[in-house]
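Student: Sequence:
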Amino acid sequence: MQFKNKKIVITGASPDFGLTLSILFAQLGAELYLSARTFEKAQATAAQVIEVVPDARVSAFQVDVTRPNEIAQFAEGVAALTDKVDILVNNASLWLSGSLLEVSEDHIVETINSTATGSILMTRKFLPLLQRSDTPDILFINSTASLENNPHSLANEAFSAAKAAQSTFADRLRYRLAGQGVRVISIYPPNFDNPSPLDEARWNESRSHTEHMHLTARNVFECIQFALSQDRICSIDKIVMSNNSLLANGSYV
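Mapped onto the numbering used here, the consecutive letters of the sequence shown carry residue numbers 36 to 288.
Please note that the accuracy of each hint is not assured.
[As the list claims (entries may be wrong)] With a Cα cut of at most 35 Å, we get these calculated DSBU-like pairs of lysine-lysine:
{"#": "1", "residue 1": "K39", "residue 2": "K273"}
{"#": "2", "residue 1": "K41", "residue 2": "K119"}
{"#": "3", "residue 1": "K119", "residue 2": "K39"}
{"#": "4", "residue 1": "K160", "residue 2": "K41"}
{"#": "5", "residue 1": "K39", "residue 2": "K160"}
{"#": "6", "residue 1": "K160", "residue 2": "K273"}
{"#": "7", "residue 1": "K119", "residue 2": "K160"}
{"#": "8", "residue 1": "K273", "residue 2": "K41"}
{"#": "9", "residue 1": "K119", "residue 2": "K273"}
[As the list claims (entries may be wrong)] Derived DEER-like restraints, expressed as beta-carbon distance ranges:
{"#": "10", "residue 1": "Y210", "residue 2": "E111", "range": "34 to 44 Å"}
{"#": "11", "residue 1": "D272", "residue 2": "N239", "range": "36 to 46 Å"}
{"#": "12", "residue 1": "R167", "residue 2": "E140", "range": "32 to 42 Å"}
Calculated from the structure, these hints are not laboratory results. Values in this document were obtained by computation on a predicted structure and should not be read as measured data. No residue lacks a Cβ here, since even glycine has one placed at the ideal position from N, Cα and C.
The task is simple: from the sequences and hints, build the whole structure.
Tutor: Here it is, written out as structure tokens:
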């Protein structure tokens, strides 16, 4: 019941982990404000949420998080619908794989802007609405790719750098807002599978360390729910997840 009527902003709410987050929070009774790079993607997520939770309150917005004017318009649009926001989920990020020389400079710039600059400006624009809430939380979906000396073979160096910048921003913001009641939480998952929460068998599948498999979105969401559900005196600043399964070559999945 702790999420019932909570007003939650989710960025990157396209048909991937953003859709998973949207469905799960709607099932818990939250009111959602969703953004995606195209309105069609945001609207598709909203439609799927309503199909699952017919009485869900969902608003969809088109936001390219690399464009400051669109972030500002998003915040203004949400402010026109509500006087506060309880939770901001900074989920939007451009995934980039491969080595530095294998990707274009445009993709490098876009990765930095979407992940680092985008989440900073999104937080800046929504902070006034968050400060009107009695239970304000800012959540960053980061990555183990941002961690020093953490192997993440699939991530491009620019992606790791962008996530590291986001992580540092969250740390500094947490200290800046200390004592003001705003919690700043960062979740650091490794690679994970994203089965639909509507596929009950796959969603609830229990995976063993003996299986050469990724952990799943259910594991990630359970960490998110745990952090957000604590008494307000308690801030779970960071949750770093790791895969307890090894590949045949001895590297982590």
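Student: All hints, please: hold or fail.
Tutor: Against the structure, the hints come out as follows:
1. K39 / K273: holds (24 Å)
2. K41 / K119: holds (10 Å)
3. K119 / K39: holds (15 Å)
4. K160 / K41: The hint holds at about 19 Å.
5. K39 / K160: Holds: K39 and K160 sit about 24 Å apart, inside 35 Å.
6. K160 / K273: holds (23 Å)
7. K119 / K160: Status holds; Cα separation ~12 Å.
8. K273 / K41: holds (22 Å)
9. K119 / K273: holds (25 Å)
10. Y210 / E111: 34 to 44 Å: violated (28 Å)
11. D272 / N239: 36 to 46 Å: violated (29 Å)
12. R167 / E140: 32 to 42 Å: holds (41 Å)
Checked against the numbered hints given earlier, the structure breaks hints 10, 11 and satisfies all the rest.
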